[in-house]
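The hints should help you fit chain B onto chain A, whose structure is shown.
For the record, the sequence lines run as chains A and B. Note that our numbering has the first sequence beginning at 1, numbered continuously upward. Note that our numbering has the second sequence beginning at 228, numbered continuously upward.
None of these hints come from the bench; they were simulated from the model. Some hints here could point you the wrong way.
[Claimed, not checked] When the alpha-carbon atoms are kept at most 27 Å apart in a straight line, the in silico DSSO-like pairs for lysine-lysine are as follows:
1. B:K253 <-> A:K84
2. A:K85 <-> B:K232
3. B:K350 <-> A:K84
4. B:K350 <-> A:K166
5. A:K84 <-> B:K346
6. B:K282 <-> A:K84
7. B:K253 <-> A:K85
8. A:K48 <-> A:K19
9. A:K166 <-> B:K348
10. A:K78 <-> B:K282
[As the list claims (entries may be wrong)] So the derived list for chain B, only partly shown, Cβ under 10 Å to chain A, looks like this:
11. V241
12. F245
13. I262
14. L271
15. I274
16. F301
17. M309
18. I312
19. I327
20. M334
21. K348
For glycine and all other residues, C-beta sits at the position ideal for the given N, C-alpha and C.
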Amino acid sequence: MILGLICLLFTLAVYWVCKKVYKSKPRVYFSPLLVTPIILVVCLLLAKVSYTSYSQGGKLLSDFLQPATIAFAVPLYKYFNVLKKYMVEIVVSVLSGSVAAMISSAFLAKWMHLDASLINSLVPRSVTTPIAMNVSQVIGGIPSITAIFVIITGILGTMIGPVILKLFRIENEIARGVLLGTSAHGTGTSKAFELSSLTGTISSISMILAGLITLGIAPLFISLMLH
Amino acid sequence: MSKLKALFIGILQVVVLFLISMAMNKLTELLHLKIPGSILGIVLVFILLKTKVIKLEWIERGANWLLAELLLFFIPSAVGVMQYIPMLENEGLQILVVVILSTVIVMLCSGIVASRITKRKEKKSA
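The shape of chain A in the complex, shown without the other chains:
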């Protein structure tokens, strides 16, 4: 338990420093979500601390994810009029993004010769963890491995997202929010809030919508595409 507590405090300290560095040098490769876990994993491996002992403390932080998800209700409420106004474009583009996520994940994974359980675990990787794990279980993936793919997607998404926005000159706040929330769930949404609170709100609704769409059509999709 004491070890867990030390791990928790250490996580907070490393995160705090990483966030400071990122604030003064906002480059993608300095993203706290990338740098903090790398530093922590290296330290844990060097100190020969297992993930099980680490997560006794780390779990306390993960526990905040659920109330934090519910907190999205606040920006949703504040921007409800804007959301209503753009409902059609949000729904249509999130739907196409979510279908693209499942199809491209499955086909690319097949093309890379990954085995069936890994393919199925990759299919729901772009949506928020609890939904992704649920979908993974239903379609024959391994939920805990899906959780890893979700977080990898989140980290890479926050790095790739800004590059795509720049490269393809996507400047519209609605499009930016939809892009980040559909492709990289909660972490994309947190990036979107860095851009503007409207972008963040569009991103949170896109994240929720993408989750529900995936929950609804992934089982159908898997039975159509892969069998």
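Here is chain B on its own, set in the frame of chain A:
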């Protein structure tokens, strides 16, 4: 409002959000719903705000705190990747290729569709 009082209220609001999430988890469990409790929680809090059963000020500060530090709460799961180092040594590169390419495809699909529709709408209204 003094700083200490503001801090206390913020903490209290976070606790309230915690309690809601626990209650929603219990509810999904009892009703065998497939939707995660936190998604149900968003819907519930949104409806409560919209019907003015609760006031925005009752949860706003705590909610903003949680959203501001959202990335921190993902860190332990990201550290969890260390449990899968052998798998990643074998198939990490292929997995990385899948995730990167697919993420780019998703971004282009959703982003370009969204900007096309908004542009068309703007033209119509102009």
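Status of each hint after checking the structure:
1. Of the supplied pair hints, the one linking K253 (chain B) and K84 (chain A) is violated, its CA atoms being roughly 31 Å apart against a limit of 27 Å.
2. Between K85 (chain A) and K232 (chain B) the CA atoms are separated by roughly 38 Å; this puts the pair beyond 27 Å, and the hint is violated.
3. About 19 Å separates the Cα atoms of K350 (chain B) and K84 (chain A), which keeps this hinted pair within 27 Å; it holds.
4. The hinted pair formed by K350 (chain B) and K166 (chain A) meets the criterion: a straight-line CA distance of about 23 Å does not exceed 27 Å.
5. Annotation: proposed proximity of K84 (chain A) to K346 (chain B) holds, straight-line Cα distance about 17 Å (limit 27 Å).
6. Restraint check for K282 (chain B) and K84 (chain A): the C-alpha separation of about 21 Å stays at or below 27 Å, so the hint holds.
7. This hinted pair does not check out: K253 (chain B) and K85 (chain A) have alpha carbons roughly 34 Å apart, beyond 27 Å.
8. Between K48 (chain A) and K19 (chain A), the direct Cα distance comes to roughly 26 Å. Compliance with the 27 Å bound is thereby established for this hinted pair.
9. Between K166 (chain A) and K348 (chain B) the CA atoms are separated by roughly 23 Å; this keeps the pair inside 27 Å, and the hint holds.
10. Distance restraint check for K78 (chain A) and K282 (chain B): the Cα-Cα separation of roughly 12 Å lies within the 27 Å cut-off, and the hinted pair is therefore satisfied.
11. For V241 (chain B), the interface hint holds, the least distance from its beta-carbon to any beta-carbon of chain A being 7 Å, beneath 10 Å.
12. For F245 (chain B), the interface hint holds, since its Cβ comes within 10 Å of a Cβ in chain A; the closest pair sits about 5 Å apart.
13. Among the interface hints, the one on I262 (chain B) holds; its C-beta lies about 7 Å from the nearest C-beta in chain A, closer than the 10 Å criterion.
14. Residue-level restraint check for L271 (chain B) holds (minimum Cβ-Cβ distance to chain A is 8 Å; threshold 10 Å).
15. Given the 10 Å rule on beta carbons, the hint for I274 (chain B) holds: about 9 Å separates it from the nearest Cβ of chain A.
16. Interface hint at F301 (chain B): satisfied, since its Cβ lies 6 Å from the closest Cβ of chain A, which is below the 10 Å cut-off.
17. The beta carbon of M309 (chain B) is positioned within 10 Å of a beta carbon in chain A (closest approach about 5 Å), and the interface hint is therefore held.
18. For I312 (chain B), the shortest C-beta to C-beta distance to chain A is roughly 9 Å, which falls under 10 Å, so the interface hint holds.
19. Below 10 Å, beta-carbon pairs count as interface contacts, and I327 (chain B) has one with chain A at about 6 Å; its hint therefore holds.
20. Interface hint status for M334 (chain B): upheld, as the beta-carbon distance to the closest one in chain A is roughly 5 Å, under 10 Å.
21. At a threshold of 10 Å, the smallest CB-CB gap from K348 (chain B) to chain A is about 7 Å, leaving the interface hint in force.
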